[in-house]
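J.: Listed here are the chains, written in short residue letters.
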Amino acid sequence: MRSVHAEWIKLRSLRSTWYTVSCLFVLGLGITTLSTLGANKDYWGRTDADRAVWDPTGRSLKTFIVAQLVIGVLGILVVTSEFASGLMQTTLAATPRRNKLLAAKAIVATAVAAVAGQVLMFASFFLGQAVMSAGDVPYAHLGDHRVLASIVGGGLYLSAIGLLAVGLGTIMRATAGALTTLVGVVFLVPALSGLFPSWMQGIFDFWPTLGAAAIFGTVPDANFPHPWVNLGGLWLGVLAILTAAFVVFRRRDV
Amino acid sequence: MTTIEVRGLTKRYGSDLVVDDLSFSVEPGQVTGFLGPNGAGKSTTMKMIIGLAAPTRGSVTVGGRQYRDLPVPLTEVGALLDASAVHGARTAYNHLLALAVSNGLPKRRVGEVLARTGLEGVAGKRAGGFSLGMRQRLGIAATLLGDPRILIFDEPVNGLDPEGIRWIRDFMRSLAAEGRAVLVSSHLMSEMALTADHLVVIGRGRLIADMGMADLMHANGDGTVLVRTADPGSFAYHLTAAGGTVRDGLEGSLVVTGLSGEEIGKLAAYHGVPLSELTPQRASLEDAFMELTKDSVEYQGAVV
Chain A
1 MRSVHAEWIK LRSLRSTWYT VSCLFVLGLG ITTLSTLGAN KDYWGRTDAD RAVWDPTGRS
61 LKTFIVAQLV IGVLGILVVT SEFASGLMQT TLAATPRRNK LLAAKAIVAT AVAAVAGQVL
121 MFASFFLGQA VMSAGDVPYA HLGDHRVLAS IVGGGLYLSA IGLLAVGLGT IMRATAGALT
181 TLVGVVFLVP ALSGLFPSWM QGIFDFWPTL GAAAIFGTVP DANFPHPWVN LGGLWLGVLA
241 ILTAAFVVFR RRDV
Chain B
1 MTTIEVRGLT KRYGSDLVVD DLSFSVEPGQ VTGFLGPNGA GKSTTMKMII GLAAPTRGSV
61 TVGGRQYRDL PVPLTEVGAL LDASAVHGAR TAYNHLLALA VSNGLPKRRV GEVLARTGLE
121 GVAGKRAGGF SLGMRQRLGI AATLLGDPRI LIFDEPVNGL DPEGIRWIRD FMRSLAAEGR
181 AVLVSSHLMS EMALTADHLV VIGRGRLIAD MGMADLMHAN GDGTVLVRTA DPGSFAYHLT
241 AAGGTVRDGL EGSLVVTGLS GEEIGKLAAY HGVPLSELTP QRASLEDAFM ELTKDSVEYQ
301 GAVV
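Going down the list, the protein sequences come from chains A and B. The first sequence begins at 1 in UniProt numbering and counts up by one. The second sequence begins at 1 in UniProt numbering and counts up by one.
Next up, chain A with everything else stripped away, as it sits in the complex:
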């Protein structure tokens, strides 16, 4: 508990933390506004069949694509900023039990990601629905089928990315390397996924931005009939990365 409290003091005492969180909301809600403003043309330009699968909730939550990167930066910096400055030596002198220290960092980073991510998901939903309502496009209510599940699942998705970032930061120890890897995971692999052999589809079902992002949709998708399973797979993958992070963090000299 002491370690968690200490990590929280460290995180909250940096202005960059709050700049990053502000950035998350400005960027996230900005993208929600723009994408839902564009919904009018998109919706009325559709065929009737396409209108039947119109998903105003998913549309408003699309902002997760950028939000996951900002939240990832926050998670990475919780670890790599200490390696960059050498502060990790002082921190480990005060808390020599490395598992305890890394657990504290993971808890604090994930908690911040969960709270900020969840607030962003709700805010994006309400903002997006308001914009679409004004733009004469069918929109959703919080009580509609699967809407709340998508929003809450979205928060859990972003929390998983925050935790993944802590793991990557610990393994790579450098901000640039960890961030490049994260961008590769959430953007590059999904962009190239169509080119990869079909046996990899099994992994892509649980991959960020790909299968795991099925949670953001409210209209049944034949490819992902059980979005919670896909999200659970993402969490398992993240926990595997985190386990590797614990192992290397314990073994390496600082």
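Since the hints were derived computationally from the structure, they do not count as laboratory data. Keep in mind the model is a prediction, meaning the values are calculated, not measured. C-beta: ideal position from N, C-alpha, C; glycine also. Some clues are possibly wrong.
Claimed, not checked - Within a straight-line C-alpha distance of at most 20 Å, the following computed SDA-like cross-link-like pairs (lysine to any residue) qualify:
no., chain 1, residue 1, chain 2, residue 2
1, B, Lys107, A, Thr175
2, B, Lys125, A, Trp18
3, B, Lys125, A, Met1
4, B, Lys125, A, Tyr19
5, B, Lys107, A, His5
6, B, Lys107, A, Leu210
7, B, Lys125, A, Arg12
Said to hold, decoys possible - Pair ranges (Cβ atoms, derived):
no., chain 1, residue 1, chain 2, residue 2, range
8, B, Lys107, A, Leu192, 48 to 58 Å
9, A, Pro197, B, Arg206, 49 to 59 Å
10, A, Leu192, B, Gln66, 24 to 34 Å
11, B, Asp170, A, Gly184, 48 to 58 Å
12, B, Arg206, A, Phe187, 47 to 57 Å
13, A, Val229, B, Ala115, 37 to 47 Å
14, A, Leu236, B, Asp170, 30 to 40 Å
15, B, Asp161, A, Thr243, 24 to 34 Å
16, A, Leu148, B, Gln66, 43 to 53 Å
17, A, Arg15, B, Asp147, 29 to 39 Å
18, A, Asp253, B, Glu27, 22 to 32 Å
What the hints assert, rightly or not - According to the in silico footprint, chain A covers these stretches of chain B (three or more CB under 8 Å from chain A):
no., stretch
19, 48-62
20, 68-78
21, 160-172
22, 176-186
For chain A, the structure is supplied; the task is to place chain B on it using the hints.
T.: Then chain B, alone, in the frame of chain A:
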């Protein structure tokens, strides 16, 4: 049980043997100077003491336990290995607060150590704007948070101005005077001469000397006396007769061994020889250090 015990400590990085079967202990109530040329393995040894690096072989205990087994480390050991290791955007106060909280120490300790290191005025300032001297003070403040019995400092005076060096030196002395064990590394013998009571000298990772400062001085050419008089020839005869060994020094002076300054003074008074100079020669510690480590510096400069 407040000492550091290093036993057979060895660290290998690939094919480089950085620390080689090193054994020594650090006693309370004195400043132990940890001396060696650059690259001798001082920092690596200190990292192993506080568990940042794992020994290839051997062991280190602090207060009889391994560092990572200390329940509240900051109350037993305060270590400053790198003063620049602070997050530049965090204030001095918050830097210390996070450390204090991680060990369950009360918040008031932060104010106390800031006061002791003279940093109260800049507590709310970001550490990134601190001068090197202020960073050293901040680093030292952090080591004092838990009021530990053992303190470890790696090259604390490196890069400081004379005032800063003096402050650190006096501070080390006062910490030892409070009964704490203080281990300070340096590659500057002259600095250690003014600070340390005991010396542990290493070179290429191996122990070269582990002795009290007074013993080191004595073992390395202490006890010669420089004598100057108007008629060196006849006084040299008296000196030799009294059991001294005399050789000619610069500008007609005599360099005497085997007799103390006091004995030479009495001898001159007895024979009515006026002396213009009588100076006991302290061995230069710098020379002693060079002598000790000459075989173990990493890169020797050629004499031009």
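J.: Each hint needs a verdict: does it hold in this structure or not?
T.: Tested hints:
Restraint check for Lys107(B) and Thr175(A): the C-alpha separation of about 32 Å exceeds 20 Å, so the hint is violated. This hinted pair checks out: Lys125(B) and Trp18(A) have alpha carbons roughly 18 Å apart, not beyond 20 Å. Note on Lys125(B) and Met1(A): the hinted pairing is violated, with a Cα-Cα distance of about 28 Å set against a maximum of 20 Å. Between Lys125(B) and Tyr19(A) the alpha-carbon distance is near 19 Å, which keeps this suggested pair within the 20 Å criterion.
Using a Cα cut-off of 20 Å, the hinted pair Lys107(B) and His5(A) holds, with the two alpha carbons roughly 13 Å apart. A threshold of 20 Å between alpha carbons decides the hint, and for Lys107(B) with Leu210(A) the separation of about 47 Å lies outside it, so the pair is violated. Our distance criterion of 20 Å between C-alpha atoms is met by Lys125(B) and Arg12(A), whose separation comes to about 16 Å. Checked against the hint of 48 to 58 Å, the C-beta distance between Lys107(B) and Leu192(A) comes to roughly 52 Å, which is consistent with it.
Remark: the range hint 49 to 59 Å for Pro197(A) to Arg206(B) is upheld by a beta-carbon distance near 57 Å. At roughly 48 Å, the beta carbons of Leu192(A) and Gln66(B) sit outside the given window of 24 to 34 Å. Checking the proposed 48 to 58 Å range against Asp170(B) and Gly184(A) shows it holds: the Cβ atoms sit about 54 Å from each other. Checked against the given bound of 47 to 57 Å, the beta carbons of Arg206(B) and Phe187(A), roughly 53 Å apart, stay inside it.
Between Val229(A) and Ala115(B) the beta carbon distance is about 58 Å. The supplied range of 37 to 47 Å is therefore violated. In this structure the supplied range 30 to 40 Å is violated for Leu236(A) paired with Asp170(B), their Cβ-Cβ distance being about 58 Å. Separation of Asp161(B) from Thr243(A) is about 49 Å and departs from the stated range, judged on CB atoms against 24 to 34 Å. Checking the proposed 43 to 53 Å range against Leu148(A) and Gln66(B) shows it holds: the Cβ atoms sit about 51 Å from each other.
Between Arg15(A) and Asp147(B) the beta carbons are some 32 Å apart, a value that agrees with the proposed interval 29 to 39 Å. In this structure the hint that Asp253(A) and Glu27(B) lie 22 to 32 Å apart at CB holds, the actual value being about 28 Å. Counting residues of the stretch 48-62 of chain B whose beta carbon lies closer than 8 Å to any beta carbon of chain A gives 5, which reaches the threshold of three, so the coverage claim holds. Counting residues of the stretch 68-78 of chain B whose C-beta sits closer than 8 Å to any C-beta of chain A gives 5, which meets the bar of three, so the coverage hint holds.
For the stretch 160-172 of chain B, the assignment as covered by chain A is violated, since 0 residues bring a beta-carbon within under 8 Å of that chain's beta-carbons and 3 are needed. Coverage of the stretch 176-186 of chain B by chain A is violated. Counting CB-CB distances below 8 Å, 0 residues qualify, and the rule asks for three or more.
Hint check: violations occur at hints 1, 3, 6, 10, 13, 14, 15, 21, 22; the rest are consistent with the structure.
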